[in-house]
Amino acid sequence: MTEVKTIIQEKLGKYGASREALMPILQAIVQEKNYLTEEDMVAVAEALDISSADVYGTATFYTFLDIKSRGKYVIRVCKTISCHMSGKDEIIKALQDTLKVGVGDTTPDKKFTLLTANCMGWCHKGPVMLINDEVYPELTPEKAIKIVQEYMAKE
Amino acid sequence: MENTRLHKVDLIFENDGTCATTVLDKVLSRKPEDIINDMIDSGLKGRGGAGFLTGLKWKFTRNEDSDVKYVVCNADEGEPGTFKDREILDKVPEKVFTGMAIAGYAIGAKEGILYLRAEYNFLLPKLERMMNEFNKALQAKKLDFTIDIRSGSGAYICGEESALFESIEGKRGEPRNKPPYPTVSGLFGKPTVINNVETLVYATMISKYGPDRFKEFGTKDSRGSKVFSISGDTPNAGIYELGLGMSVQQFVDEFGDGDTKAVQIGGASGMCVPRKKFNDTIIGYEGVPTGGSMMLFNSSRSMYNVLHDYLDFFAEESCGQCTPCRVGCQQLLKGIEAVKNKNKTPDYLENLKKLAETMKLSAKCGLGQSVANPFISIVDNFREEIIY
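The listed protein sequences derive, respectively, from chains A and B. For the first sequence, the tail end lands on 580 under our numbering, and the numbers increase by one without skipping. For the second sequence, the tail end lands on 397 under our numbering, and the numbers increase by one without skipping.
Straight-line Cα separation of at most 30 Å, DSSO-like style, residue types lysine-lysine; simulated pairs:
1. Lys135/B to Lys17/B
2. Lys286/B to Lys550/A
3. Lys180/B to Lys439/A
4. Lys497/A to Lys135/B
5. Lys135/B to Lys571/A
6. Lys568/A to Lys100/B
7. Lys285/B to Lys550/A
8. Lys493/A to Lys180/B
9. Lys568/A to Lys135/B
10. Lys439/A to Lys199/B
11. Lys550/A to Lys17/B
12. Lys439/A to Lys150/B
13. Lys180/B to Lys497/A
14. Lys430/A to Lys180/B
15. Lys439/A to Lys135/B
16. Lys180/B to Lys458/A
The set of hints was computed from the structure by calculation and includes no laboratory data.
Please work from the sequences and hints to get the whole structure.
Rendered as structure tokens:
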């Protein structure tokens with residue numbers, strides 16, 4: 426795993442030690458560790474010479490910049506209108522049963538977090554879910570379970 | 010789909026692979042003013058939904074006296090029911106980059122930034138590879154313009170132009186007061202052209218074929234074609250480029266399932282058109298304008314559930330900065346629940362409509378201002394479904 430310090434230095438190299446670098450740094454940390462810890466946010470604040478409250482305030486504005494502990498694979502099921510109409514409730518239920526967690530929860534082995542999210546731009550191919558950055562459209566409960574089982578078999 | 014009465018168009022996804030070279034060469038051999046005049050002449054209006062004349066936006070930005078100007082491509086497509094920009098970025102990204110470079114040349118900007126929503130991060134590796142090649146091609150043509158990509162992080166409000174700037178600047182995506190408009194003070198306080206993905210591709214195609222080809226489609230008030238994202242109760246969900254100015258009835262004849270009772274035009278923040286108004290409603294600026302989202306509902310759908318879904322979306326996505334939107338979205342949601350549960354009498358809907366009107370007048374940005382669109386059009390046309 427890349428150290429947070431290394432991530433910060435790399436982004437400062439590209440964007441300079443200015444506020445402009447904040448989003449790319451936070452996004453890169455989440456990419457690596459799936460969420461931001463208090464220590465990470467303080468380290469980012471020091472590197473950019475801004476208050477840690479500013480970093481926290483910015484991070485908590487954005488849904489994808491989590492400050493709660495998240496699993497290695499973050500599953501986001503779309504809950505907006507067309508996915509609702511095409512059966513997102515059945516998908517969520519199937520995933521809850523398979524992972525044995527509720528929406529918003531992380532599995533005890535810290536491998537999966539199950540979340541819902543707003544429209545992901547696949548309304549003609551719903552229901553859809555994201556696992557980290559990967560998209561899985563046109564789901565059925567069976568298909569969703571099979572995809573998650575493949576992730577379970579992974580490291 | 011063969012015997013269609015609708016005007017099918019193939020400008021956006023037309024791909025002969027020569028755009029980056031031939032169109033740019035043609036553009037660079039002409040004066041920036043002429044490029045802008047072509048855009049004004051074409052009548053192209055912003056395809057993100059707001060519908061401001063693209064050529065004028067470019068002209069205003071060009072006229073600003075500043076050493077630094079920016080071109081920003083708004084790829085933060087988040088309106089429920091809209092997915093065409095994803096397809097455009099996936100299928101013809103070089104036409105988007107070309108549009109950015111044309112805008113840069115026209116206004117005198119050296120930097121372009123494409124702001125991509127986090128949900129489309131899967132497109133990043135391909136886009137970055139193509140962007141690097143494109144930047145090299147621009148260097149070879151001696152055009153001082155470089156494109157970079159920034160990611161969003163899951164905030165619908167960042168599709169609002171000034172919130173998008175705040176986000177690139179590393180801040181909470183809270184919309185700014187207007188004026189000043191982006192053409193005067195945009196990204197980092199500099200004059201900025203911000204265009205939707207689809208708008209930039211039309212800019213490329215108008216530069217390629219000239220404004221007359223574009224004017225062949227559409228009507229006087231709604232020039233050209235438009236990419237539609239079609240979903241809901243339809244056997245033909247997907248992405249279609251159609252001439253503007255058709256009636257909702259013509260649209261439903263083509264895309265409906267035979268039982269269409271309502272069409273939501275323009276996404277969650279757009280208008281709900283009921284069956285009795287299909288014939289009289291034009292899709293375009295003379296009727297109901299749209300960023301391209303067309304969602305069809307058949308008689309098996311409860312319009313209460315549809316409205317509830319939209320309000321839930323807005324309550325979550327409101328940035329919380331201004332009171333009318335922060336409190337208004339929550340109260341509208343609670344209000345229809347109370348009417349449904351008989352905790353409030355049906356008259357209460359009139360109070361809620363007044364609240365929605367107040368939000369339209371007093372909210373700071375388009376999010377809060379447009380909640381009245383779905384709210385009033387659904388409550389007025391499907392009142393009994395909201396109450397019982």
